[in-house]
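Number of protein chains: 2
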Amino acid sequence: MPRTSNARAQLISSAAKLFQRQGYHGTGLTQILTESGAPKGSFYHHFPSGKEELAETVMHQAGKEISGLVMSAFDRSDTFIAGVDAVSLSIADWFSRSDFAAGCPITSVMLETVPASSRLGTASKEVFREWSGVVTSAALRDGYDMQTAKSLGQAMVIALEGAWIVARAERDPNAFLTAANMVKSLANTPPK
Amino acid sequence: MPRTSNARAQLISSAAKLFQRQGYHGTGLTQILTESGAPKGSFYHHFPSGKEELAETVMHQAGKEISGLVMSAFDRSDTFIAGVDAVSLSIADWFSRSDFAAGCPITSVMLETVPASSRLGTASKEVFREWSGVVTSAALRDGYDMQTAKSLGQAMVIALEGAWIVARAERDPNAFLTAANMVKSLANTPPK
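Line by line, the protein sequences give chains A and B.
Reminder that position 72 of the first sequence reads as 72 in my numbering, one-by-one numbering, no gaps.
Reminder that position 50 of the second sequence reads as 50 in my numbering, one-by-one numbering, no gaps.
Among the hints, erroneous ones may be present.
Copies of one chain are not kept apart here, so a pair can be met inside one copy or by any two copies together.
Derived DSS-like pairs: lysine-lysine, alpha-carbon spacing no greater than 27 Å straight-line [unchecked claim]: (1) K40 to K125; (2) K51 to K17; (3) K125 to K17.
Hints listed in this document are in silico derivations from the structure and should not be mistaken for laboratory results.
Working from the sequences, and respecting the hints, build out all of it.
Right, here's the structure in full:
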């Protein structure tokens with residue numbers, strides 16, 4: 001059993017893994033407790049409102065991890081276009097390492113709970129906007145105008161989320177290449 | 001209570017609506033029976049393997065409906081590019097009519113069950129390939145070469161699935177416009 005100081009982190013990490021594989025409703029509290037090794041008392045201590053609050057925390061934490069990954073992919077790339085490839089590869093790798101079994105941690109919870117849960121609705125919207133903001137900033141740094149940079153931000157989130165779904169069904173990360181190609185085409189020839 | 005001849009159709013349609021809003025595990029058999037008005041005996045008569053078999057049927061039927069909608073959008077459009085706009089509008093309308101609450105019927109089930117269920121994994125893959133095949137055929141009819149037409153087919157499915165997710169979080173169909181713009185850019189300037 002982990003020490004109390006680790007229990008919160010263990011609960012978040014176990015819940016994230018389970019939600020990504022079997023969704024929100026398919027993941028019971030008992031399974032989260034078993035996988036994390038955290039005592040039930042510590043669960044209600046850290047998440048007094050229960051599973052919904054845990055899911056909200058999972059979304060924000062996974063959101064930050066993916067933001068970091070997107071930011072670092074753009075930072076090590078010379079151009080926005082090269083950054084788009086680096087981001088797609090990096091998400092594709094993350095997905096492949098799960099043996100093609102783990103979906104996006106935001107989408108996996110959101111599709112079952114939104115709009116019924118306004119708390120999880122707000123969290124999903126915030127995380128997607130945070131990701132698209134990171135992409136928009138990278139596009140601005142490479143000289144795109146604000147309107148184009150904003151639509152590239154939204155496009156990148158749409159393309160990656162869609163690729164994650166098709167890649168899961170196909171058990172093949174190739175869809176992430178197509179996603180990158182779409183965003184790069186939009187960056188090269190933004191529509192009037 | 002519907003007549004037995006209608007029970008199967010009612011079960012499929014009620015399950016589809018519920019899966020799209022609250023996912024696969026969040027939808028219990030009791031709720032499907034209540035919403036459909038079908039007697040429990042008729043459920044096991046029509047779906048002897050249970051809920052998984054019902055979900056597989058829902059996926060194939062919803063898959064065919066969306067294929068039909070995509071096909072008819074391309075049929076009434078003069079060019080592939082115009083067809084991409086028509087398809088996106090048509091999915092955006094479908095989504096908006098659900099008051100931004102109903103996700104893609106395939107994805108809603110797939111993310112919770114695949115790869116654990118090979119039956120639902122096969123169904124998801126088949127439906128996504130069917131959709132992308134319809135788009136590929138439309139691209140071929142408009143003169144694109146086979147390789148480009150195939151990647152446009154996959155791109156359209158990725159873009160629409162991703163848009164459906166972002167639109168659900170935002171409760172706003174604008175993401176479908178961005179999705180259409182990406183696919184049109186790819187159609188105008190396919191990458192080397």
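Evaluated hints:
no.: 1; hint: K40 to K125; verdict: neither (30 Å within a copy, 39 Å between copies)
no.: 2; hint: K51 to K17; verdict: both (14 Å within a copy, 24 Å between copies)
no.: 3; hint: K125 to K17; verdict: both (21 Å within a copy, 23 Å between copies)
When held up to the earlier numbered hints, the structure conflicts with hint 1 and nothing else.
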